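Participant: Listed below, chain by chain, are the residues.
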Amino acid sequence: MLSEKQLTATSTLPENRGVLVARKHHLLVRWSHWLNVPILLGLILSGMAIYWASPVYQHNPDPQTGNFDYMADVGNWICAHVPGLHHYSSPPDWIYNHMSLGPGMLGVALRLHWFCAYLFMLNGLVYVAGLALGGGWRSLLPRRTDVGDAMKMLRYYMGRPFAWLTRRTWLHPRFTTKYNALQRAAYFSIPLAGFLSIATGWAIHKPMQLSWLAAIFGGYSKARIWHFWLMWIFILFVVPHVVLVFADGWDTLRSMIVGWSARTERSDGGEK
Amino acid sequence: MNREEIHEPGEPRDASFINAKAERERPEYCAAEAPSPLPQVEPSDPAAALEPQTQAGHEEEKPVALPHVDDPKTAEIEGQQAGPDEMPLLSVVGESESVGSTPSIAAEPAPAPKAKSFFQERPPETIEVAPHVLRHWTRRDVLLFGVGAIATLAGGGSLLPQATLERLGIIHGNKTWPGKEWFLDRTLRIDDDVAEALYSQNRLVPTYTKSQITPLKNNYNGATPDPGYIPEWHLTLDGLASGLSVSLNIRNLLTRFQVHEQITRLVCVEGWSAIAWWSGLRFDELLHAYPPMSQAKWVRVESSVNLDASGNPDPYFVSLDLPTARHPQTLLATHFNGQPLTVDHGAPLRLLVPVKLGLKNVKAITRITYMEKEPKDYWAERGYSRYDGI
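As given, the protein sequences belong to chains A and B, one line each in that order.
The opening residue of the first sequence carries number 523 in my numbering; numbering runs sequentially from there.
The opening residue of the second sequence carries number -13 in my numbering; numbering runs sequentially from there.
Hints may contain errors.
Each pair of labels, with its calculated beta carbon distance range [to be verified]:
#1 A:Ser576 to B:His274: 50 to 56 Å
#2 A:Tyr579 to B:Asp294: 26 to 32 Å
#3 B:Val128 to A:Ser576: 41 to 47 Å
#4 A:Ile755 to B:Trp163: 31 to 37 Å
Simulated pairs of lysine-lysine, BS3-like, Cα-Cα distance not exceeding 30 Å [as the list claims (entries may be wrong)]:
#5 B:Lys203 to A:Lys744
#6 A:Lys728 to B:Lys359
#7 B:Lys196 to A:Lys674
#8 B:Lys283 to A:Lys728
#9 B:Lys203 to A:Lys728
#10 B:Lys196 to A:Lys728
#11 B:Lys102 to B:Lys203
Derived by calculation from the structure, the hints in this document are not laboratory data.
Predicted model, so just to flag it, every value in this text is computed and none were measured.
Each residue gets a CB set at the ideal place from its N, CA and C atoms; glycine is no exception.
Chain A on its own, in the form it takes in the complex:
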C-alpha cells in the first residue's frame, strides 16, 4: 500500500487533496499478463518433459553410458561441479527433475501441454483485446529512434552498478514515452514470440494437415528447433523483466495489478 505521503509527493497537491494518477494498463492486459505466469510455467514444465522423450539435440551415444542427450550431460556436469549435489541420485535426470515435470512422463506431459497451450492461445486473444481496447498497442510500436535510444539505455544499465559502487551520479536517459526503447523492444518481441510459439506448436502438432505451416518454419524437424528456442526467449525475457521491475519499485509493479501509476511525469524512469 502506498502511503498518503508518497502519493502526494508525486503531485503538487497538498495532503488530503486529489492525487493525479496516470492510466497505464487495461484490465484485460493486466489479467492476461498475470495469467501468463502459471500458463507459461505449465508449458515449460510439460514441454521439457516432452523434450525428454526425444531430445532435439543429440550426440552419438556415449560408449560407456549410452547417453546421447546434451541435457543429460548438463545434468551430469551440474552434479559433478555444484557443491552439495555430488550425491544426487540420478545426475542425467537433474535438468528434467528441475526444469520439467520429470523424466518418463510423456503421456501426462502431453495432456498438460495441450491444456496450457489452449489456455495460452485464449489468453493471447484476451491480451490483444486489452491492447486494442486500451490503446496500449501504440506504446509498443517500434520507432525510428529506437536503436540509438536502446544503446543509451544499455549504456545506462551497464554503468548503473558501477556508478552505484563509486557513488557517482548516473543519470537515467530522458524519454517522454510510456516505455524506453529497450522496454519497447522487449514488449514488442514477447507477444511476437508468443505468436511464433503458437504457430510452431501447431506446425509440430499437426505437421500433415498443416504442412504449409511446418514448411514456413523449414519443415517438421526445424519447427521443433524453433519451438524449443522460443521457450528460451521467454525464460531469458523473464529474468531481467522481474529483476528490473523490482529495481524500479512498487509503483511499476503495482501498476500491473491496479492499472494506474502515481508517476505522472514521463521522464522519471519507469524501466522494467
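Please build the complex by placing chain B on the supplied structure of chain A, with the hints as guidance.
Facilitator: Showing chain B alone in chain A's frame:
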C-alpha cells in the same frame, strides 16, 4: 466541483465535509472533465453565468487545485482567469447549496491532445482521485490479486502429475482428486475434436524424394517378436458386410491388389520423425474388395505377435476411424526401401497411416475388425490421445 465528487458515498469523511461550511473549506479543485460540471444552482443564481469559463477550463490537460478565495462571501462571480496550467476559479456563492449535489466524477480521464497519427503513442490519461479512494482501490485490487494468485496456485498445482507433486514433497502417497483425470482427459478429447475437424480425406501429406530418406530404427516398444510367426502368418478380416470372417495370406494380398509406393514422414508421439520409402496396397482398395458392415464407423487393427519389454505376449491394438482408413495414402505396407518388410518393421504386413502418429502404424497386423463403436486403443488406455491425427 467539490470534495463530494471524489468521495465514495457513505464515507465518514464525506459527512464531515458536508458539515463543513464553505467558510471553512472551499471546494478545492475541479475534476476537469465533468460532463456537466456546474453544481446545481438556482436558475436565478448568478453562478450559472460561469458556464462558459468552466467549459474552457475543461480543455486544460491537468486539473490542479483551485486557488483559494479569501472571502467567499464576496464572490459573486469570480471566474478568475487562471494561468495556463490552472483551472479558472469557480466560486460558488450559496455556500452549502452546491455541496452534495454535484455529479460523481471521481475517475474521469483528462482529454488528450489530438494525436497526429493513428499509430502515434498518446499521452497517458490522467485522473484525479482522492488519496483515500486511491488507497481503497489499491487495497481492493491487491487483495483480489492475492486471492486470484492463491486460487491459481492451488488449482494449477492440483493439475500437476502425482509423481511431480510427490517429488516436490507437496503430497505423500496416492492423493488425487476424482475430477482431475476427467478434466485432463476432457482436454485430450477437445484436442482430438480439433484434429478431426482439421482432417480432410482429400488433403495429401507431403511426399519426399529418395535422397531425403532418413534412417528408421527398430521401434518395437519392448522386444522384437521372433520371426517364426511369419510363415504361418495370415490376416483375418471381421465385421464385414457379408457377415463372414475372411482369412488372407500375403500372396493373396500381393496378387490381388495393386502395389503403391510413397515416401512419407512417420512422426512419433515422442517427437522424432523419419522419412521412409514404403510400398503396399491401399487400405481403401481392401475396403472396396471386402466391404465392412454398413453401420461400421471404426476399424480395430491388431497385432497378436507383439511382445512386452520382458518378451511376454502383449497384443497391440489401435482404433482407426474409417475416414482415415480410406485416405489414399493409408497403406497396408508390404515393402520398406524397396525390400519386403523385415521383422523389425512389421513383416509381412503393417499399417502405414501418415496422417496419424506413429503409434497407430501397427506392425505385423494379424486382424482387422470393422466396428460400429470406437474400439479400445492400446495407448489411449495409457493416458494418450485416441484420435492421434497429425
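Participant: Look at each hint and say if it fits the structure.
Facilitator: Tested hints:
no.: 1; hint: A:Ser576 to B:His274: 50 to 56 Å; in the structure: 37 Å, violated
no.: 2; hint: A:Tyr579 to B:Asp294: 26 to 32 Å; in the structure: 31 Å, holds
no.: 3; hint: B:Val128 to A:Ser576: 41 to 47 Å; in the structure: 44 Å, holds
no.: 4; hint: A:Ile755 to B:Trp163: 31 to 37 Å; in the structure: 35 Å, holds
no.: 5; hint: B:Lys203 to A:Lys744; in the structure: 20 Å, holds
no.: 6; hint: A:Lys728 to B:Lys359; in the structure: 25 Å, holds
no.: 7; hint: B:Lys196 to A:Lys674; in the structure: 54 Å, violated
no.: 8; hint: B:Lys283 to A:Lys728; in the structure: 23 Å, holds
no.: 9; hint: B:Lys203 to A:Lys728; in the structure: 23 Å, holds
no.: 10; hint: B:Lys196 to A:Lys728; in the structure: 23 Å, holds
no.: 11; hint: B:Lys102 to B:Lys203; in the structure: 63 Å, violated
Of the numbered hints listed earlier, those contradicted by the structure are 1, 7, 11.
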